[in-house]
Amino acid sequence: MIVSIFIFNQFVSFFSHKGGTIEKNDFYSILELILQGNADMGIFDFLLGKDDKIYNETYRFGRFLECNKPAVFTKIYNEATDHFKQGRYADSFVKFLDYLATPPENNVTFKRSGDSVEFSITHGSAVITGTFDSNGTFATSEIGEYSGRSAALFRDLLTKNFSMNYCCFCAKNNRIYLKHISPLKESSPLKLYYAIKEMALKADIHSQSLFDDFNMLHESSQREKKEATPLEKTVKIKYLRQWINDTFNATSSMSPEKDANLMSHYLLALCYRIDFLLLPRGKVWKINDSAIAIYSDKVLTQSEKIRKMISFLKDILDLSDADMNGCFFKTVDTFALVNASTQNDLVQFLLDQFSSAKYYSDLHQEKNTVAVYEQALGYTTYFLGIYPAVRSLLTLYYRIFYPGFFNELGIKSDFYDAATGKFNKRAIENEIQSIIGHERKLFPSLNFITYNLRYESPSRFAFTFLNEITYLNFLQPAK
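Going by my numbering, the first residue of the sequence shown is number 1, and it counts up by one from there.
Do not rely on the hints blindly, as some may be mistaken.
Under the rule of at most 30 Å between Cα atoms (straight-line distance), these lysine-lysine pairs were calculated in the DSBU-like manner [stated by the list, open to error]:
| # | residue 1 | residue 2 |
| --- | --- | --- |
| 1 | Lys-358 | Lys-298 |
| 2 | Lys-298 | Lys-197 |
| 3 | Lys-69 | Lys-202 |
| 4 | Lys-75 | Lys-111 |
| 5 | Lys-197 | Lys-358 |
| 6 | Lys-202 | Lys-75 |
No wet-lab data here; the hints were simulated from the structure.
From a predicted model like this one, the values you see are computed outputs, not experimental measurements.
Work out the full structure, taking the sequences as your base and the hints as a guide.
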């Protein structure tokens, strides 16, 4: 014990010398770890942020976010812009490709010969190939191959072309492509970013509607898909069906006419969870996304929205095993579906949702209160570009309340026992401090006061957990 306290005092001295501070509650948390002789995380790991568990490279949870790329990429983008302004167009284009890279993923490859560049960019299932030379930029992405002629297909493609700003669908040799062309002096990094992003997103997930609507169109063999393991597919399909059925059971006594608002919390929480934890593609993604989108419809009544959401989710249950299997595969992403958000955006949204949860809490409706909190955190993962620390903390929340899913993937999650209603306080707080320690390298003022967490019930824990997230400080020291 004397040795442990001596080590603790040395670390306090070291940390203060580096310009940081240790809050009173941090002291209690660290001292508790020493007293308990934590076997999972040493005191050195706790203070320095060494983390082997949260950042599991086997599985990814949550959407890809460009806003969380290292700051060095901003410098690379600025260099690309400077080269373009000074007429060094090939240098600018190469720097632009460097900016799109997502290490360690091999999502961008290119070969330069003088002022000519051949390149390939992978985003999801889409592969964009093209050339850059003295004529400008030419890029294409093969979508699929069709058999026979269909006026309906070409009419649909023409309609889609009107909605795009930089790209267009075209046909050649019975194949459908997306194409973009920019003259040399219009191939600025800014324009190319939005042009290639539009092509990537349209060619990846948004092209699914084409395969669903036109049976004579078959997905191109040139598209990029890396098979998920049989275990991952089995677990994800199992919980996709289980979570939908569980939600239907939880809302079975509710009426869309009388309880539309309450039902929306359950249904949206489910859809956000499917998107964040299961990362479906293809038909499942399309249907789940439609279920979320319909809730924002300006014309339908609340009850009509709920009925349509339920209908969409039933469509997922009706998919065959083969269709389900085709919706889960690994991808490499280059572009994000959502833009960066400030911490204040997240804070203001959560504070608004706390008042909704309080309504059900005051009525002592435990499950309904928890549903509101999960819907709130799910919204932030779906619509906001959140910091990595927040993403990791929200992943932890899911690990606490959906341990079966994670355990079956091989990710130990023994934080909460639903049968007894008991939380593993020590494991939860160790995990939180591991997350914060890891991110504190970039944000020295980042702190999560675990002393404020309450474990009397899931709803009390949910509120205190999310409330602490609103106090996270992502300010960086001035350089």
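Consistency of the hints with the structure:
1. Lys-358 x Lys-298: Roughly 27 Å between the alpha carbons, so the hint for Lys-358 and Lys-298 holds.
2. Lys-298 x Lys-197: The hint holds at about 28 Å.
3. Lys-69 x Lys-202: holds, 23 Å
4. Lys-75 x Lys-111: Cα-Cα ~22 Å, so holds.
5. Lys-197 x Lys-358: Not OK: Lys-197 and Lys-358 at ~41 Å, beyond 30 Å, violated.
6. Lys-202 x Lys-75: holds, 28 Å
Of the numbered hints given earlier, the model fails hint 5 alone.
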